[in-house]
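Participant: Okay, here's what each chain looks like letter by letter:
There are 2 protein chains.
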Amino acid sequence: MQTRPLYPPFTVGVDLGGTNTVYAIVDKTGYIIDKASFPTDTPSVDVWADILADGISGMIDRHSLQGDIVGIGIGAPSANAMTGSIEGSTNLPWPPPVPLANLMEARLGLPVKINNDANAAALGEKAYGVAAGMNDFIVLTLGTGVGGGIVCNGHLLSGARGFAGELGHVRFPFAADRVCGCGRKGCLETVASARGIVETARRIMAESNKETILRDMSSDELTSKTIAEAALSGDAVAKEVYDFTGECLGKAAAEFAAFTDPEAIILFGGVAKAGDLLVNPMREAFGKATLHLYRDRVRFMVSSLEGANAALIGAASLPLL
Amino acid sequence: MQTRPLYPPFTVGVDLGGTNTVYAIVDKTGYIIDKASFPTDTPSVDVWADILADGISGMIDRHSLQGDIVGIGIGAPSANAMTGSIEGSTNLPWPPPVPLANLMEARLGLPVKINNDANAAALGEKAYGVAAGMNDFIVLTLGTGVGGGIVCNGHLLSGARGFAGELGHVRFPFAADRVCGCGRKGCLETVASARGIVETARRIMAESNKETILRDMSSDELTSKTIAEAALSGDAVAKEVYDFTGECLGKAAAEFAAFTDPEAIILFGGVAKAGDLLVNPMREAFGKATLHLYRDRVRFMVSSLEGANAALIGAASLPLL
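If you read the protein sequences in the order shown, they are chains A and B. For the first sequence, position 284 matches number 293 in the working numbering, and the numbering has no gaps at all. For the second sequence, position 150 matches number 159 in the working numbering, and the numbering has no gaps at all.
These are computed hints drawn from the structure, not numbers from a lab. Please note that a few of the clues may not be correct.
[What the hints assert, rightly or not] Below are the DSSO-like pairs computed for lysine-lysine, each with C-alpha atoms no more than 30 Å apart in a straight line:
hint	chain 1	residue 1	chain 2	residue 2
1	B	K234	B	K248
2	B	K282	B	K234
3	B	K219	B	K234
4	B	K194	B	K248
5	A	K234	A	K297
6	B	K194	A	K194
7	A	K194	B	K297
8	A	K282	A	K297
9	B	K282	A	K248
10	B	K219	B	K282
11	B	K194	B	K234
12	A	K297	B	K194
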């Protein structure tokens, strides 16, 4: 069956999402050897942990990899690497704190590392993706929310309590009139998340009579993805939405550069699939806005990790560090 | 003569300023064993390096510390730790780049580390000051300019090319109408530097007829120091100047926290001597502005390094890391 050579060390990656929990055995190159999933909404976190542990054990057995797995990595919302627990409000069915690392270590007898989605993405890019060999970069995860994972001097920044890199909640004048889920105004997330992009489209449509295919879409149909598709097929308003979003990201990146002098800023997650629609205006705005020290020195990239599996592969990289 | 016990390792610290070069032998506790200085403005950088090397050698001999010095640390404007050179424009008499580390290593046969003033300050606070034992903190140097030194996960952040921590050039709405020396508008430095504080005083005086002792001061007399003295002696306008400055610093710190989740933010440099005049409004503004994750979690402190020698002691800490 297996035609591709496999490269140890092997790890297990777990992507704990609000709807589904996906897990996989991954090799050193980020290749997914086997993958499975189950619904996250279980009667209790113990039941969830039992299902996951049984699934992982069975998968390891099937591939005769007993003794060859160096660790388990779990990417989860609000996961704190320092405590091994999920802390703070999430859209998971269990109340925080959830002692995720302890639960899984007890069941599997393997070291378990957890981290939030953005930090797992940053480490995944370093282990398997476009940041291979880089010691200084920032990953911005653009999805339902906006997160940040910062690697500087070769280290993932965690901070005093594990809350470093909350770049979706840095505030900017371009978002001053947008209310964030955190209760404040002006957060980058209000513009650069999937929801922020839809909001931008609504605003542009409300402020003008410009013709656009977006006006024909129902509330359910209007998403960051359909807007990107419209932009790619030549819709001027949809293009304007992504130009604005990219410009905002470039202005944000211009300030972020002053913190850690990154070699690259990498876009990750569903919204990042827009690719050049975002990256081109982002690069241009960055050049205009940033301090001379960083101008023309920062590369803008999009994650190379396979779309649907990117978070999973990121999680699988956690035990490698 | 020497009544205080001395604790090895010993280092030499050099504070290279535009006017004077100060050097000293410092012990592990940050105690200055001996200190001397000479004017920086020499015919060439080689002459400067000769004078400094002779001075340091003589000082080591006088204290019979031959073989006991572990290294030389030099704090200098625009010093790049990664290259060992001064890069970019400075107010020094020699054109950049200046290969400072090489020049001194060749003359003294000791390892030489250089860093910019703000990074030296951060390491000095960790080695000898209020950040002893801390792994996550930010030092803001408030003087002629504003700089930043960031320690996260126990490491001083340098970034891809040594330009991490340029926090004086992060831009904020509260400074949107102020032009910075870097050619952009809105940099924190335009408000929180010594010059920024004088500018704030001028603006408040121009916008109102409020009585204040500051109006009686000549252009030369009106400095961040005399404004602080006026505030402490009850002058309402001078107090307003520092309230505004502290509020701006608090708003800036509120965003900075999202990058590295610091345990403390430490004010350093001439302007920081205003102490509670700055720290109290800063703490209050931070609490109002920051994300809930950081609220009530960050300590605001003023450098404990002896005022006139703080930069020198910071430089002396460089070889210890």
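Participant: What are the numbers of the hints that this structure violates, sorted from low to high?
Facilitator: Hint 9 alone not satisfied by this model.
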